[in-house]
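Asks: Given next are the chains, with one letter for each unit.
Protein chains: 2
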Amino acid sequence: MLTKDKKVLIVGLGLMGGSYAEALTRQGFQVGAVTRSQDSIDYALEQGIIQSGSTSVSQETVGGYDVVVLALYPHVLLQWIADNQQFIKPGALITDVTGVKSQLVYKVQEMLRPDLEFVGAHPMAGREVYGVRNATSAIFKGANYIVTPTPSNTPDAIADVEQLGLLLGCTRISRLTPEEHDSMIGFLSQLTHCIAVALMTGKDVEHMSAYTGDSFRDLTRIARINDEMWSELFLINRPALLEQMDLFTGQMQILRDAIATGDTKTLRSMMKLSTERRALFDK
Amino acid sequence: MLTKDKKVLIVGLGLMGGSYAEALTRQGFQVGAVTRSQDSIDYALEQGIIQSGSTSVSQETVGGYDVVVLALYPHVLLQWIADNQQFIKPGALITDVTGVKSQLVYKVQEMLRPDLEFVGAHPMAGREVYGVRNATSAIFKGANYIVTPTPSNTPDAIADVEQLGLLLGCTRISRLTPEEHDSMIGFLSQLTHCIAVALMTGKDVEHMSAYTGDSFRDLTRIARINDEMWSELFLINRPALLEQMDLFTGQMQILRDAIATGDTKTLRSMMKLSTERRALFDK
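Chains as they are written, first to last, in the numbering used here: chain C, 1 to 283; chain X, 1001 to 1283.
Chain C with its partners taken away, still in its complex shape:
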């Protein structure tokens, strides 16, 4: 049980880490942070979203926490565990926020000390801006939250990480295998970001803002993208993402053929299906 006497450490105080910190502080937990930038620590202390923080990682700054949330880029995350797991309190629960799982979860679990447990998690929330100054627990409100346990996880630890999602403000908590997660996210999140980038880069759109309706604005909101993070996420999830891109491109080809040949029947039946299905996705 994540009782309020548990102390939570946020590792990496960016948009997501900061939003976790704010949400958990509001819930009454004692929250600390380690991160690279002193400015981020200062800001988070000022805002009262952490109670302590440090740019140095040591027994003193890490060893007192029962729950550790890794809010780091994937390659940094693995290195952080390798370098710093020595400082983590025995019996601590470790989780993350990362958008890719199968290339990460097993590696972390393999390298982890036997007295520690890692359960992967992915809150389906974010913003087009980053850094702790843009952090807000509002992003979790009504959001989906996916937990990706493996056979090496214990029921108690899985339950705690699920409870963490509810404490953040997420409403639908799901379990997927790391592989299922990556396929799902390849489609729902990474493919959609590819589409937005392709729309904005394929032609000179700079003069078009006077002509657009909401549809184009909606489709390209996520074209404002953290290129360092997303290029890393795309490449780590390469096989699943390529599969989803190919499925999508194939479907666009079916639509293209129907338009080219004037096949109204196919067009209308695809539109009817999409209309029916979309109704399921309203929050």
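What the hints contain is simulated information worked out from the structure, not anything from laboratory work. Just so you know, nobody snuck in bad clues.
The calculated DSS-like cross-link candidates involving lysine-lysine, where the alpha carbons are at most 30 Å apart (straight line), are: (1) X/LYS1089 / X/LYS1006; (2) C/LYS7 / C/LYS107; (3) X/LYS1141 / X/LYS1006; (4) X/LYS1004 / X/LYS1089; (5) C/LYS89 / C/LYS6; (6) X/LYS1004 / X/LYS1141; (7) C/LYS141 / X/LYS1272; (8) X/LYS1272 / C/LYS203; (9) X/LYS1007 / X/LYS1141; (10) X/LYS1006 / X/LYS1107; (11) C/LYS6 / C/LYS107; (12) X/LYS1107 / C/LYS265; (13) X/LYS1141 / C/LYS203; (14) C/LYS7 / C/LYS141; (15) C/LYS107 / X/LYS1265; (16) C/LYS203 / X/LYS1265; (17) X/LYS1141 / C/LYS272; (18) X/LYS1107 / X/LYS1007; (19) C/LYS89 / C/LYS4; (20) X/LYS1203 / C/LYS272; (21) X/LYS1203 / C/LYS141; (22) X/LYS1089 / X/LYS1107; (23) C/LYS4 / C/LYS141; (24) X/LYS1007 / X/LYS1089; (25) C/LYS141 / X/LYS1141; (26) C/LYS141 / C/LYS6; (27) C/LYS107 / C/LYS89; (28) C/LYS89 / C/LYS7; (29) C/LYS203 / X/LYS1203; (30) X/LYS1203 / C/LYS265.
Owing to the predicted nature of the structure, the values given are computational and were not obtained by experimental measurement.
Since the structure of chain C is already known, use the hints to place chain X on it.
Replies: Just chain X now, with coordinates in the frame of chain C:
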């Protein structure tokens, strides 16, 4: 000048026609309507968004209006002009709301009585629902509005139709040739609807609503689509739409190749460009 003593006739009292009616009634114009459904007339009279209405088209129901707004499906629009322009008041100004232009504007202008003038217009606004019961002038707030004059139009008529856009509540009024409009709309509106339909129909997404974030919801909002209207719009604008689909698919292929080969440099430079450009599109 569209002074408030001008009487406006809405032809086709659906989502768009009804929204025009509400906006113009609020602005103090006397607004009438002709449409097929008595129920739509009754509803609009009850709501006070028209002052008179009829399901029959005659000298009596059409002949008294200075401005005629055609809010009809493209093929219905041409037939309506052919059948009913005899009833329109000499010197009246005619405009429309249609999402395709080059296949419509010239045909209307060619068939029109010489004492009438038609200026095409397209408010970039809409909803995923239809019918007069969903009509609201709120859809025009801050929207773009495109006027597509041709060499046969007079400066006064063009100015009146531009003024109509402002009266609706649109903020940016632009002029494009019918051909420029169709190319623009093929990209900004029709291609985006194709993408949304392709996303919803390519795989069984019915169980996925528990996993998605806002990005997928945003991209597929317009997957709820009026299949009769949009299949007609797609086919009328076929050459422009196919061109935009091919440009987009080509861009997706560049992204795919970069992901497949691990070309981080290309990925990041595309993401940087899309991020820069997208900032221009916020309302």
